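Asks: Each chain is listed here by its residues.
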Amino acid sequence: MSDDPIRLQNAQRDIRDAYFDHDSGLYTLNCVPGAGKSEVTDHISAEDILRRYVAGDPTPEQRVAAISFNRSEAENIIPDICTRLREIVEHDLVPAASQISDSEVEYLSQRVRQAPFVGTIDSILRDVLSEIASDIGFEEMPVVGNTARQKYLHKACYRVVQEDPDLAQRVERLEDAYPTGEYDDDVSEMLETAVTYCRDRRISTERFHYNLEQTVEDVYAEGRPGSFSDVVAAVEHCVGADIDETVYEDIGDDERNRICDADSRLHDNWRARIDDFCTVLEKYRSTYRQTIRDRGVVSHTDVAYLIDAYFDDRLGNVDDAHRARIRKRYQTRIQSLIIDEAQDVSSIQHAALSHLVTSSARVFGAGDLLQSVYLWRHAEPTLFETATDDGEYLGIDWDIHEHRTAKTTYRCVPDVASAINEISEAALTDPARGNLGVLDVRYPGLKADRDSTDESNVHIAAFDPIASDPDSYAWVNPVEGRGEATTLATLLSKGLADGTFTDENDDPLGITVLFRWSSKMDVYEEAFEELGLSVRNASEDLFGCSVVNVVLDVCEWLVAPADPERTRTLVTESNLGLGSLADNFETHHWNIDAVLHDCDLSDPHQHTIDGLAELRDRRDGFLSRPAGTYAEDIIETLALRADPYGCFDVDPAQRVANLDALVETLDEWEVDENFTPHELTELIGPFQENPYMGPNQPSTADMSHDVEFRTIHDAKGDQDDVVAIANPGFSLWKHGPQAQRFITQGNIAGLAPPTNTDTLSDIALPPFVNGLYDPEDTWDRDVGLRWATGHWCDDVTESMDSTSLVGPDCLNRVAANERAEAWRLLYVSLTRAKDHLVVPLPRSLPGEPRPRNRWLDTIRDGLNFTGEQTGSYTVDTETRAFDIGVNDVALRATWTNTPTTHGDDVAVNPPRRTGLDPWVPRFINPSTMYPLTDDPDGQVLNHLLGNALHTEANDVPDDVPLQFDRLGPDDVGFCLHEVLTTLVEREVPEPTLRSLGDEVRRVFDDVVDDHAPRIDDDERDGLFTFFREDVLDDFLASDLWNRIQRAERVTVERPIDGLVTVDDVEIEIHGTSDFVVESPSGEQYVADLKITLTDQTPETRRRYELQVTAYSYLFEQRESSESPVKRTVETFGVERDTIESSWPSNIVEQRLAALVRQ
Amino acid sequence: MATVASLRDHGVPTRDIAVVVRDLDNYEEPLYRASVHYGLTPVFWVQLRVTQTRPFALIESVCDVLASDNPSREVLCRPLEHRWAPPSATSSEWPIDPKTVQVSMQALPNESRTLSEWHDEFEGNPEIDERFVTYAEWLGDCPDPAPEAVTNVLTDVVETYEELGLPVTKENDSPSLIATERDARATVRVKTLVQQLRHKYADRLDEGTLDRSWSSVAELSQLIATQRPGRREHSNARAIDILEANDIWLLNVPYVLAVGLIDGEWPQQTESAVPPELQEAILRGDGRIGTLAPRTAWTTGRDRDQFDDTLRAAGNGLIVTRHTESTSGEERRPSPLLDHLNTDLVPPDERRQLMSEERELPNGVRAMLNHEVTDSE
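Protein sequence lines correspond, in order, to chains A and B. The opening residue of the first sequence carries number 1 in the numbering used here; numbering runs sequentially from there. The opening residue of the second sequence carries number 10001 in the numbering used here; numbering runs sequentially from there.
Worth flagging that the hints you see were computed from the coordinates, not collected in a lab. Note that the coordinates shown come from a computational prediction; the quantities given were computed from them, not determined experimentally. We put the CB at the ideal spot given by N, CA and C, even for glycine. Heads up, a few of these hints could be off.
Here chain A is said to cover these stretches of chain B; the calculated rule only asks that three of the stretch's residues, wherever they fall, bring their Cβ under 8 Å from a Cβ of chain A [unchecked claim]:
{"hint": "1", "segment": "10075 to 10086"}
{"hint": "2", "segment": "10165 to 10172"}
{"hint": "3", "segment": "10234 to 10246"}
{"hint": "4", "segment": "10250 to 10257"}
{"hint": "5", "segment": "10304 to 10317"}
When the alpha-carbon atoms are kept at most 16 Å apart in a straight line, the in silico EDC-like pairs for lysine to aspartate or glutamate are as follows [stated by the list, open to error]:
{"hint": "6", "chain 1": "A", "residue 1": "LYS328", "chain 2": "A", "residue 2": "ASP127"}
{"hint": "7", "chain 1": "B", "residue 1": "LYS10099", "chain 2": "A", "residue 2": "GLU614"}
{"hint": "8", "chain 1": "B", "residue 1": "LYS10099", "chain 2": "A", "residue 2": "ASP320"}
{"hint": "9", "chain 1": "B", "residue 1": "LYS10099", "chain 2": "A", "residue 2": "ASP127"}
Let the sequences and hints guide you as you build the complete structure.
Replies: Right, dumping it as C-alpha cells:
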C-alpha cells in the first residue's frame, strides 16, 4: 500500500464534504480528464460504507450502489473501494476511520466483495430483472447481452414477418428498396435497430412512424414538388440562401419536368416505404416481445426497458403487490447511489434507475460532458447536463443540489495540459466544431497539478507526405518514402532508444497509439514492427482470422458431410488448403473416401482429409455436446493450433490465441444450450459475414510489448505515459449521416429514401454532387438533395456563415451532433497522455487547410506548426509558454527490444492423444485379477462396466437339478454365497443348520426375494434343495466350518486392501475376504467361498489360485500380520474342493507389472 | 498441465500429483485438452455429464423419433448415428458405420414423413442401406409409451449399445481409453436412469403432471439425467487426478497445483434466498437469533477452508496458477486468498521456457524436487 495516500483536494474535497453534510440530495461533479473522478467516487463509496458501519449497520454494503458505464472500470470498483477503505483507516483520513479496528476493516472489505449493487449499470439492472422475470412472462431469468443469441433471435423474428402472408408484399417492397449492401443496413438490420431505438426512447410504433414522417416533411419542407422551381426552393432551403439559378441553365424544360416528376415519385415512394416499414415493424415488435420470452434471451436495452415498463405499469397483467414489494426493497436498500461516467447513461437506463431511488437517497454523479462520446450507443449526456445545471435527475427535482467542477488534472504534465488546451479550447468551443451540436459546451481548461519537467513533453513526428489524401494508405505508409506511420514509429523507437521515452531508471515508458478507427492499424503495425517496436494490438476481428473460419467452415460441412455440395464448398472456398485438389474431388464426385483411397496425396492433404474423415465418423458426438467442445475436436483433429504443414499465414501465437478465443466465445454464446453444427452455422453466419460485429482477436503480446494500439473509445477512462494520435487526417464527414440508411439519434429518426426509385441521378443539381438522390455514392459528401450531406454552407455559397451544414434541419442536427462528438473524441484522445503527447503532422498540406473537417489541421493550428520548425519551438499562450519538439530524438539511436519468442509447445506440436500411455486398471479385485491380467484387452470393457469377468468354464452339467428360469447360473452363485455367509454371520448354530430350521429357510427366502422377487415356488424349492444337498452339507463337513466352530473370532466379508507399485504406477487392490477366522492361538485363516455349478477347468482353478495368492500378498503387506496366515478358496456345489495356492506372493506383482509394461 | 508434464518428466509419480480447482465446471474441458496436449491422461473427480454422452443421446433420440408423428430426416436417422442396433443384432453387421448412415441420409428426401412412409421409402429407395428397413420395422413395432414398455424398449436399446456400440468406441479410442471409460460410465448410468425413469414416469402419469407420450419420456430423462449423480470411480492408474477443492480434504499429495486463483473465482460468493442482513445477524448470533444455524455458504469461509485444505494436502510443494487478463484483455486480479500466502513468483522467462517445446521446470518448482531429495537423504 502506498505510504502517501491520495487526499481529496479542492473541488474533490468540496463535493465530498457537501455529500456527507446531508442525508439526501443530488451531488454532481464535472471533472476534466485526470481530475480524479474515479478517486472521488471510490472515496465516497468507501467512506459511505465506513460511516454506515460505524453508525451500527453491520451490512452497509447493501445500502451503497456504485456504478459505472464502462465494464472494465466497473470490474475494478470493488477492489478499488477495498483499497481506499484500507487507506482511509490506515492513514486516518476521515473521522470515522479511528472508530474501527484492523479486523473490522478486513470484515468490511469482505462485505464489500459481496456488495450487490456495485458494477455496471447493466449488472445492477440485471439483478432487478432477476426479481421480476417470472412476473413479466419469462420462465426463468433470461440470458442477457449475448450478442450471438440476440442476432439469432432477430433472425427468427425477421423470418416470422417474411413468412407472414399479410406482410409478404410489404417486406418484398422494402427489400427491393433497401437491398443488402456491404456497408448498408438491410431491412432486417433496420428493424433490429428500430426495436432497440423504440425501446430506448420508450416510444410506440405509431410515434416512431410520426418521427420518420417528420424527417420526410423536413426534407420536403416545401411539400411534394409541383414544379422544378419547388425543387430549386428545396435546394435553397438546404443551403440556406438563394441560389444563382444560372447554374441550372443547362437543364432544359423537359428535364426540369422529369426532375420534378422523379422528385415527386421519390417523395411518394419514400412515404409508402415508411408506411411499409412501420407496418412490418409493428408485427416485428410483437413477435420480438414474445420471442424474447420464449427463448429467454434479452439485450441490455431490453432489461432497462422491461424494468421501466414494469414499474411504470405499462406491461399489464403483473402482480401489483409483488411490484410494490420489489420497488420498496430496492428503494429501501439503495440509500446511496454513486454514478461514475454519468454522461454516458442512456435514456432508458436513466428511466429504469429512477424507479430504484427516492428523494431520501443521496445521489452522486461524476462525469464530463466533454468526454461524451457514446451518442451512437444512445448515451444521453443531456441528462447529466440537466442534473448539473438544474438539479433534476432520476425523475426527481432535488431540494438539495450541490455541483462542483474539478479543473485540476493530476494526470498530465503542464506542457501537455497546455498543448491540449491550445488545441481543444478552440476546437470545442467553435460553433463549427465542438460547439456545433446540442450540448452546451463550456471549456473549463486543464490546470495541471504536476510539476513541469526539463524536457519536451509535446512532440511532433513531422514528415513530408506524398501528394495524396491524408486518410489514404499512400499517406500513412507509402510504398516509397516515409509516411505518417513510419515517421511516428521512428520518433517513438528512437525516443525509446535515446531516453526520451524512458523513466529515471531507463525503463521504457508505456506507449499507447490511439486510433479513431481500427482500419489503419494493420499498416501502422507493419511500419512499427519494421522499426523494431513490438506492438500489442487487440483490435482485429476474431472472425476475420483464416484459421478461425476454417473451424467454422468444417462445422458447416459437418451439417451434412455426405452432401457433395457442402464438400465442394469446403474444398474450394475454405482456407483448409484443399483448393488444389478440386479436380480430384470433382472426378471423385466430392467423396472424401474416394479421394483418400484413389489419389496420391501429399502429406498435408492426407493429414487434412484423414482428419475430415475422422470428424465425419464422430459427427454424432457433435449433436449432443456443446459447440465449444466439438470445435476443440475439430481443432485437435486437424492440428490447427500447431499447423504442422504451415497452412495458415497467421502468427503461431496469434493462431493459438484466436482458436482459444473462438472456443471461449462459443462457450459464452451457448450458455447452457448445445448448438448442433446446423444451429451453430446459423448462429455464426452474421458474424462471418460481418466480422466487425464479433469479438476482437486477443492480444498475444505480454507485458514486454513496446507499444499498444487501441481505439480511442476503447481507451476512454485509461491513461498512459506516452500517447500518440494516429491517422488524424481522416475526414469528419466520412461515415456521416449521408452514408447511413437509417438514422436514430435522440428524438430524430430517419429512414433514407428508397434506393430503387428512378431519380435521374445522372442529372446534377448543384451544389449537390449526386442530383436528387443517388445512394450508391456514399463516398462523396452528399447522396443528393433529399438526404443528409457533409457540405458546409459557406463552401457552396458565398455569403453564408461558416457554422451551418447543408441539408434539411433535422438531418443537419444529426450531422452536427456527430461532428461535435468527433471533436470531443479528439479531446478524449489527447487527454489520455500523462508525460508525453505525440502527433504525426505533415510539413505541408495538400490544398487548403480544413480545420473544420479534420483533426489534422486543427492540431496543426493548435500547436502553431507551420512545417518549417525543426528541433524544438515554443508556443506562447495567454497563461504560459510551452515547448514542442519536432522529431526531437537522436537520429542515430536504434531501439532493440529482445523479441518475445512464442515457441509455445502448443503452437508447434499437435496434441499427443495417440501417444497417451495405455490404460492400466487403477483398482483391481483379487477375484478378478486373473482374467483381467490374463486378457486385459478382452476384459477391459466388463471391468469398466462393473460386469462379472468370466473365465473359460465348463457348461453346467445336465444333471444339476436347477431350472434357471428366473435365476441364471451367476444369480444362483450369488444367492447361495449370500445365504451361506449370512448364516455364518448370524452365528446360526450347527444343529439349526443341520436340521434346516426355520431360520435357515428364512435367510434363504430373504436373499432370494431380494434378488428375484418373482421367482416361482418350483424354482425356489429346487434351489433350496440344491443348497441343502450340494452346498450346506459339504460346508458343514468342511475344515472351514470346523475352524469357524473353534474360532476366537470370525469376521465375514472383511475388506482387505493393498497397493502395488510398478515402476511409478500405483494399482490399488481392494478385496473382500468372505471369512477371516482367528484361532485362539492367534493363527489367522482366510477363506473365500465359491459356489460352483460346473466342474472346474484349469482356468478357473488358476483364477482361484491367484485370488488366494493375492489375499496372501495383501496380508503380507499388512504390518500387523506377523503370525502366519493360512489361505484357501473353498468351492461348494457341483464340485467340492479346497484350493491352496502354491504360487509365490510376488506373482501378484509380476502379473501387474506385465500389465503395466505391456 | 505443462508443469505436471514436467514433474512427470522428472520422475514424479502420477499419484504424487494432484490438480485442484474450486469449480471444475469451467475448467474441465480446457484442462482435459491441455492434458492430452502434453500426453497426459486426466481424470476428473466429478460426476459425468451424462446428457452429453452417446448412450444418453441414443435413448433420447429414440424417444424423439417415437414422439414425432412426422419425423424429419435428421430426427429419424439420429438413433442410427448414435449406433442404434436391433436387440438381436450381431456385431458383424451392427451398428451401421457413420459413413453409410450419412450417405443413406443424403439419399433421403429432406422432408418430414410418417414412420410408415419412411419405411416405404427405405424399402423402395435402392440408395438406402437395407438395414434401415430393420430399423424402421423396429420403430413400427415399438409399443405405446406405458411405463413398463418404455423401460423395456430403452433397456433393450442401451443393452444392445453396451453389447455392440461400446466396443466401437474402444476400437476407435486412444490407448488410454479415455473415451471408452467415459462411454462405459455413461452406459452404466443410463441403464440405471432407465430403471429410475420407469417409476418416476409412472408417478408423474398418476399425478397427472405428465401426459403419456414419448416426448414426456424424453423430457423426464433429461430431468433425471441433469441431476448428475452417479459413481465417480475412475479406472486408469496412469491418469492424473484433477479434483475440486471440496474433494482434497484429508488427502496428502506431494505436489498440488491449485488452478484459477482469481478474484471473483476463488473464493466465490454463493447466492442465497436469505437476505444478507439476516444472514449477517444469524452469523453474529446476537440474542435469540443465535439459536439459528448459519450456512457456511453465506460467507466465503467454505472456500477459504477448502483453500486451506489444498495447502495442507500439499506435502512437498504447492504450485498456484492464475491468469492475469481475460481473453478480451480485461485485467484479472489475484485472489485475496493469495494475500497471506508467501509465494515465489515464476519469472516470465521461466514461464515461457516451461511452455516452450523445450519444456523446463521453473527453478522454484525444481527446488521443491531438490528439497525432497535433500530431505530423503
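Asks: Would you pick out the hints that fail for this structure and give their numbers low to high?
Replies: Hints 4, 5, 8 and 9 are the ones this structure does not satisfy, whereas the remaining hints hold.
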